[in-house]
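K.L.:
Combine both chains into one complex, guided by the hints.
Chain order of the listed sequences is A and B.
Under the numbering used here, the first residue of the first sequence is numbered 728, with each subsequent residue one higher.
Under the numbering used here, the first residue of the second sequence is numbered 12, with each subsequent residue one higher.
Simulated from the structure, these hints should not be mistaken for lab results.
A portion of the hints provided could be inaccurate.
Stated by the list, open to error - Label-pair distances were calculated between CB atoms; the ranges are:
hint, chain 1, residue 1, chain 2, residue 2, range
1, B, Ala51, A, Gly765, 48 to 58 Å
2, A, Val734, B, Asp288, 36 to 46 Å
3, B, Thr80, A, Asp760, 49 to 59 Å
4, B, Lys314, A, Ile789, 31 to 41 Å
5, A, Arg785, B, Asp288, 45 to 55 Å
6, B, Ala206, A, Ile789, 33 to 43 Å
7, A, Leu802, B, Gly207, 48 to 58 Å
8, B, Ser263, A, Arg785, 42 to 52 Å
9, B, Lys208, A, Leu802, 31 to 41 Å
10, A, Glu790, B, Gly113, 51 to 61 Å
Stated by the list, open to error - Once the Cα atoms are required to be at most 30 Å apart in a straight line, the calculated DSS-like pairs of lysine-lysine come out as:
hint, chain 1, residue 1, chain 2, residue 2
11, B, Lys208, A, Lys774
12, B, Lys262, A, Lys774
13, B, Lys277, B, Lys287
14, B, Lys197, B, Lys208
15, B, Lys314, B, Lys262
16, B, Lys208, B, Lys189
For every residue, glycine included, the Cβ atom is placed at its ideal position computed from N, Cα and C.
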Amino acid sequence: MDSRDGVVYTETVVHAPPEQYAADAPYQLAIIDLDSGGRLTVRILGKTLAERAQIGDRVTFIEERNGVAYCQRSLT
Amino acid sequence: MRPVAVIGIGKTPFGAFPGRDLRSLAVEAVGNALLDANVAARAVEAFYLGNFAGPSFVGQNHLAPYVGTAAGFEGIPCTRFEDACASSGSAFFHAWQAVAAGVYDVVVAAGVEKMTSQTTPRVTEILAGAGDMAGEGRAGATFPALFAMIARRHMHQFGTTREQLAAVAVKNHANGAKNPLAHMRKVITLEQALAGKPIADPLTVYDCSLISDGAAAVVIAPLDQARRYTSQFAKVLAVAQTSDYVALDNKSDITFFPAVQSAGLKAYAMAGVSPKDIEFAELHDCFTIAEIIASEDLGFVEKGNGGPFAAAGCSAIGGRIPINTSGGLKSKGHPVGATGVGQVCDVVMQLRGDAGERQVARHRLGLTENLGGSGATCVVSILEAA
Numbered sequence: 728m729d730s731r732d733g734v735v736y737t738e739t740v741v742h743a744p745p746e747q748y749a750a751d752a753p754y755q756l757a758i759i760d761l762d763s764g765g766r767l768t769v770r771i772l773g774k775t776l777a778e779r780a781q782i783g784d785r786v787t788f789i790e791e792r793n794g795v796a797y798c799q800r801s802l803t
Numbered sequence: 012m013r014p015v016a017v018i019g020i021g022k023t024p025f026g027a028f029p030g031r032d033l034r035s036l037a038v039e040a041v042g043n044a045l046l047d048a049n050v051a052a053r054a055v056e057a058f059y060l061g062n063f064a065g066p067s068f069v070g071q072n073h074l075a076p077y078v079g080t081a082a083g084f085e086g087i088p089c090t091r092f093e094d095a096c097a098s099s100g101s102a103f104f105h106a107w108q109a110v111a112a113g114v115y116d117v118v119v120a121a122g123v124e125k126m127t128s129q130t131t132p133r134v135t136e137i138l139a140g141a142g143d144m145a146g147e148g149r150a151g152a153t154f155p156a157l158f159a160m161i162a163r164r165h166m167h168q169f170g171t172t173r174e175q176l177a178a179v180a181v182k183n184h185a186n187g188a189k190n191p192l193a194h195m196r197k198v199i200t201l202e203q204a205l206a207g208k209p210i211a212d213p214l215t216v217y218d219c220s221l222i223s224d225g226a227a228a229v230v231i232a233p234l235d236q237a238r239r240y241t242s243q244f245a246k247v248l249a250v251a252q253t254s255d256y257v258a259l260d261n262k263s264d265i266t267f268f269p270a271v272q273s274a275g276l277k278a279y280a281m282a283g284v285s286p287k288d289i290e291f292a293e294l295h296d297c298f299t300i301a302e303i304i305a306s307e308d309l310g311f312v313e314k315g316n317g318g319p320f321a322a323a324g325c326s327a328i329g330g331r332i333p334i335n336t337s338g339g340l341k342s343k344g345h346p347v348g349a350t351g352v353g354q355v356c357d358v359v360m361q362l363r364g365d366a367g368e369r370q371v372a373r374h375r376l377g378l379t380e381n382l383g384g385s386g387a388t389c390v391v392s393i394l395e396a397a
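The following block holds chain B by itself, in its conformation from the complex (with noise of 0.2 Å):
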């Protein structure tokens, strides 16, 4: 394996697009991650899409050569990947295995999803298809249903407080409203969060991600070509993707995921640091506990500590580990497909120092942990700054 370094990043903004279709947020964000690494269409050699519902969303099957060839490649493999709000960071890992074993040189990881065109109610009914239909899905297991189950039994185990939760939400929030491509740029207060519409007790709209359509695309080559292309990639020193159990209920404890523990890891193992060593990270906020168990599951803090963690500031901007400070799920949005991409573009900004009024004093070495499911899938990457 050769070390692989991400030369170019893309991102549309996040948010409703009633005029635009899929293809056109994929295709600008391949455009501005194609022109950042200044690397022409021609040049790419494979093109990995991660798209969680597209035929479900806006009825298009096919994804990767129809976005592929809008975007301009010619006659090269063309994939869609597919592992729920994973999809893009699974599309990522495949990347990045590709150009690490030396099948390819240039590639380009891209995700996208368009979702605002139907309604919440139709968009929860997809949405749970990322859960056992047969089992949960078939009981009304809706995916914050999921979530708050887990909130509760975390709550229950660790005195984890709905507090705690809001605090996630509103330091998301303060983080978003500072990010030019976010979907909701908008300060919210602890009272408004605990105050939020019931989504699925303890759960309100606040510990709820958005709704959104996005795109989010990576240039990727061998380290040792980067510099042909830039003087501002940055270092992938690890990618891991594991699996565990669809199922909520065939899982022993649900107040952790082991897919999030084995990833980060074997990430850890493969990055040769620790998690003491990690200066700020995107972590996969879908649900407010979602952050709150990554952090547990990551090292950044002990079991049971996460929510203190959170309502104490150690994850905002200035705390010890600053946590989504591009507005995580919650305020950037949640494209779906477009997350897990969407976060390795977040950190690789921080690591140049382009992060505007949210970058981080230090900025040396960032992870990402991108989520999928209620954690059947999860995958762990850690960057460095070049």
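Isolated chain A, as found in the complex (with noise of 0.2 Å):
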């Protein structure tokens, strides 16, 4: 378990990006409740609608890239 793991409390889908990050879009933003306490925005990884979160979703910290935190959409 990492203290990034935790729960969607909001999410969106990203269609049109600011400048720096046009290459990514479309890419899926949520805000989560950490099971450390507190919340965090980070960027839930995957392309296709399945690896989607949605509110109330559990997400796995997967890795920091520039001081994000990228996490997944937990499958249990």
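P.N.:
Given below as structure tokens:
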């Protein structure tokens, strides 16, 4: 378990990115309720609908890139 | 504190004006307001200019004296106010304070933004700077993304629907089509709004305000001097400015804006009125969900019922409380720094009975709500007909 695992509080898929993230779009952002307390804005990994996370879904921390946490929807 | 009046209003059209620079827009709005107030530029004692990102959009800093000298002000204090999309709301608040406190008699509050000379991805990036760039911004949050996350949560908790969001866009476009100064004078259908290009789910392009150029200005003075200048003044019953966290993930509940609620409560108390007394309002519909939440936060409708309220036509012209008769940021346009003072101009036009085709029947008491970022600044004003 990582301190950045948690549950999705809210989310969106960004289709119109800022200039610096143009290559990433579309990408999913979520604010998660951390198991360790507090909230964090993270990226959700994956491009397919099945990989998207919804409010209430558990997400697992995968890695950090440039100070941003990337999480994945938990399978269980 | 002494009572204050708006004695003159001036706006440029809002739109995309490739041939116009920031300064010429601001000077035009200030000139129109001075003319409307019958006040000479040399009689103005201080200049408060709202602007969000002139340095990023057009590469110009030191904007207040840059505009002020061109507008004919000589040697007076000229200061720029930056509070994201509430920049000129903040300029208006500080200008009102100075006159109410007796520091000055005649001052000008204005706002300007020149946005359309940049590409949309670049504009999106500059606007994102109104959020927390070390956190949500670094993760890739745009402003549509932040409000999309707010909308998702509001839908989840209160059952707000895509159709209710779209109803706000349809209403505001219908109003804007009647406003000669609006950016997009185009009526849209619910089907069109629902089928718009996705920007940040669940928001489509029709849920988002426009990227615009434009400026707005007001002249204010002590109420007991207003008649010296004009018979068409409006009384400023209250102006309240409040603040909250910049980062959305710092808030415990994102389905309301604490800054809007507290600015509303302060303004109602100062004016000695309650939400049911307000006859019409200009609310900050940077995104359709923002108008829905503001209508709840200001007490026009019960928490969670803002969506059904809009979809039932309660906020249309002719409805219980007409909201954004100007077309709002959605259709009138959203030159960020000009929006707060622009709202004051639009309310004053209604109070005077000068709103033409979009004139509301009851126009004695109006309210403006100007929101900065995802709710970190709010300015609420309540104005009354002379």
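K.L.:
Taking the hints in turn, state whether each one holds.
P.N.:
Verification of the supplied hints:
At roughly 56 Å, the beta carbons of B:Ala51 and A:Gly765 sit within the given window of 48 to 58 Å. Between A:Val734 and B:Asp288 the beta carbons are some 42 Å apart, a value that agrees with the proposed interval 36 to 46 Å. Remark: the range hint 49 to 59 Å for B:Thr80 to A:Asp760 is upheld by a beta-carbon distance near 52 Å. Between B:Lys314 and A:Ile789 the beta carbon distance is about 37 Å. The supplied range of 31 to 41 Å therefore holds.
Separated by about 48 Å at the C-beta atoms, A:Arg785 and B:Asp288 satisfy the suggested range of 45 to 55 Å. One distance hint, 33 to 43 Å for the beta-carbon pair B:Ala206 and A:Ile789, holds here, with the actual separation near 35 Å. Checked against the given bound of 48 to 58 Å, the beta carbons of A:Leu802 and B:Gly207, roughly 34 Å apart, lie outside it. Between B:Ser263 and A:Arg785 the beta carbons are some 21 Å apart, a value that contradicts the proposed interval 42 to 52 Å.
A hinted range of 31 to 41 Å for the beta carbons of B:Lys208 and A:Leu802 is consistent with their spacing of about 32 Å. Roughly 60 Å separates the CB atoms of A:Glu790 and B:Gly113, a value that falls within the hinted 51 to 61 Å. Restraint check: the Cα-Cα separation between B:Lys208 and A:Lys774 comes to about 18 Å, which is no more than 30 Å; the hinted pair holds. About 28 Å separates the Cα atoms of B:Lys262 and A:Lys774, which keeps this hinted pair within 30 Å; it holds.
A threshold of 30 Å between alpha carbons decides the hint, and for B:Lys277 with B:Lys287 the separation of about 15 Å falls inside it, so the pair holds. For the given pair, B:Lys197 sits about 17 Å from B:Lys208 by alpha-carbon distance, which is consistent with the 30 Å threshold. With a C-alpha separation of about 18 Å, the suggested pairing of B:Lys314 with B:Lys262 holds against the 30 Å cut-off. In summary, the hint linking B:Lys208 to B:Lys189 is supported, as the alpha carbons are separated by about 25 Å, within the 30 Å threshold.
When held up to the earlier numbered hints, the structure conflicts with 7 and 8 and fits the remainder.
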